[in-house]
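All chains should be built: construct the whole structure from the sequences, respecting the hints.
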Amino acid sequence: MIRWRGEPDPRHVAAVDAYWTSAAEHGMNASTFTARVIASTGADVAAALSGAVGAMSGPLHGGAPRACCT
Numbered sequence: 321m322i323r324w325r326g327e328p329d330p331r332h333v334a335a336v337d338a339y340w341t342s343a344a345e346h347g348m349n350a351s352t353f354t355a356r357v358i359a360s361t362g363a364d365v366a367a368a369l370s371g372a373v374g375a376m377s378g379p380l381h382g383g384a385p386r387a388c389c390t
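Letter by letter, the sequence shown follows residues 321 to 390 of my numbering.
None of these hints come from the bench; they were simulated from the model. Nothing false has been slipped in among the hints.
Simulated restraints, written as ranges between beta carbons of each label pair:
1. 330 <-> 363: 28 to 38 Å
2. 361 <-> 334: 32 to 42 Å
3. 374 <-> 333: 17 to 27 Å
4. 357 <-> 327: 31 to 41 Å
5. 362 <-> 331: 37 to 47 Å
6. 361 <-> 381: 13 to 23 Å
Computed from a predicted model, the values in this text were never measured in an experiment. Using N, Cα and C, we set each Cβ at its ideal position, and we do this for glycine too.
See below:
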């Protein structure tokens, strides 16, 4: 995790790690597909990751558990 100042809260690190692990275990989902399509165009890794994170933020994918996590 990147922080502007200080160290990240270990609970936040554990939560984000668990979230990304569970998302990765679901195989070919919207964010994975998005990253693969962007990478296949020859774009750099930062662009592919940015697109994947953007897809992950939607309410039907990564943002789905937002209501129970906030």
